[in-house]
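Protein chains: 2
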Amino acid sequence: MPKRVCVIGVGFMGGSFALALRERYADCKVFGFDINPEAISKALYLKVIDEGSVHLEDLLPFEPELIVLATPVGAFKSIGKALASFDLPKSLITDMGSVKGHLVYMMEEYLGERFVGGHPIAGTEKSGVENSVRDLFKGKKCILTPTGRTSHQAKEKVKELWTDLGCFVEEMDPYLHDYVFGAVSHMPHAVAFALIDAIIKLSKDGVDLFEYPGGGFKDFTRIAMSDPIMWKDIFIENRENIIKAIDIFSESLKRLRDLIIDAKTKELTEYLREAKKQRERVK
Amino acid sequence: MPKRVCVIGVGFMGGSFALALRERYADCKVFGFDINPEAISKALYLKVIDEGSVHLEDLLPFEPELIVLATPVGAFKSIGKALASFDLPKSLITDMGSVKGHLVYMMEEYLGERFVGGHPIAGTEKSGVENSVRDLFKGKKCILTPTGRTSHQAKEKVKELWTDLGCFVEEMDPYLHDYVFGAVSHMPHAVAFALIDAIIKLSKDGVDLFEYPGGGFKDFTRIAMSDPIMWKDIFIENRENIIKAIDIFSESLKRLRDLIIDAKTKELTEYLREAKKQRERVK
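The listed protein sequences derive, respectively, from chains X and S. Take the position in the first sequence, starting the count at 1, then add 5; the result is the number in the working numbering. Take the position in the second sequence, starting the count at 1, then add 5; the result is the number in the working numbering.
No lab work stands behind these hints: they were computed from the structure. There are no misleading hints in this set.
The list makes no distinction among identical chains, and a pair is therefore deemed to hold if it is satisfied within one copy or across any two copies.
Lysine to aspartate or glutamate pairs mimicking EDC-like chemistry, simulated, CA-CA at most 20 Å apart:
#1 Lys249 <-> Asp213
#2 Lys206 <-> Glu216
#3 Lys131 <-> Asp224
#4 Lys143 <-> Glu28
#5 Lys86 <-> Glu70
These numbers were taken from a predicted model, which means no experiment stands behind them.
Given these sequences and hints, build the entire structure.
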């Protein structure tokens, strides 16, 4: 049961984590760091955090037992380096990033066995600390990606934390994690952003297609409202898996396109039926 | 205010229409036709329709003022032909199909000026009369696609009907309709079905990716649970527009893929930011 937690990156994810922590552990204090002063002042005003600063070194006098990275993954390198330069012998360090793989090994280089990679499978298209919700993690999966180097004790503490916040914790190899979420989350986000880009281009004949958002369009494209900086980082850090998944998807779409253009009713129906059947397995 | 309405195709759309009609017009009677006897017996049991049959000619003694096609669009040709062979001098005829264009002109060939093409922009991934909901159309757009041949009186009556059911009625050229909905509805459905096909293929290394449906995956792929027969027909009947939209989408995705692979952070952020901005215009 941690009593002093530092959240690095006070946005939607970090803010929701802080709220969840303080709801679960009545006497837990949260220190928030963010490069954006507005995020810190909002978070203090909304009582999402107890203390906060735009200077990372200000976390030192707070003496956190646990430090949680909740920034876009592109910031992990500089944060890892900075934390490594600090004297923080008692702090466990974990993260909530959507990419693990090489980032986990990089963080271990800086921080050693006390770093435990984590990824709660929770989130919405929303961003900003003002949208934080305290029950974001309840009933969700949280993937931990320990390596051969990870301290057993550190891992168990992080596992207990997420279990306490209502997550089902599952362990996974860091690189397998990136393959899996490259396919089921990152590639679909790329598809959603590209879909909006296509609708912009298709709008060019004096017809504003965004005026006709029926037929599932809203649900389908909601994730294209996700934070551009967070997603730019995910796309770049997990690009090998994402490109592979985009290429498989493009083949699937090409096959469907061929069935449509050739009006192959039987194979087309079969293609749609199989997709429906598989999607229905997801509860 | 129609008192005797025949709904052809008693599925989710036809059933929801029948429920909405009977709620709005207390003394309106609905006759349902479907080729599937189970749909008729369910619809009678659930009191969605007053009378029903699996023989189209049984609608003759019912003497409907209004006939509404709510079948997959692939059935319109045979139904149009059959209705043309009946003696139905007083019946207005309209439809709820997702494709208009050439189908509207074909129906006019069979049925003349009393046919009014219509498309309520409402629906879910659900199918089957047992899932019908009476308020499906409230607050939604309904597109009517009259042509130079359409009877003014017929159009006004159909317009009044949809307005009474809570829709905002808008008129559009039949071919423009197919361009617009090919882009904002049909192409995105193709993309969702192809996305599931890709996830099936990416699952093949002993990892069942359908066990990790986080990060918007459920919302994004919900429409891939839509009825395969209905969508096979839409894809084939509107294939020219859909293929054009798929090709534009594929170019958009290729551009995004290139920005990711080359790690062009500035252009990538701009691409995502613009997509987010445009999507946010959709309320």
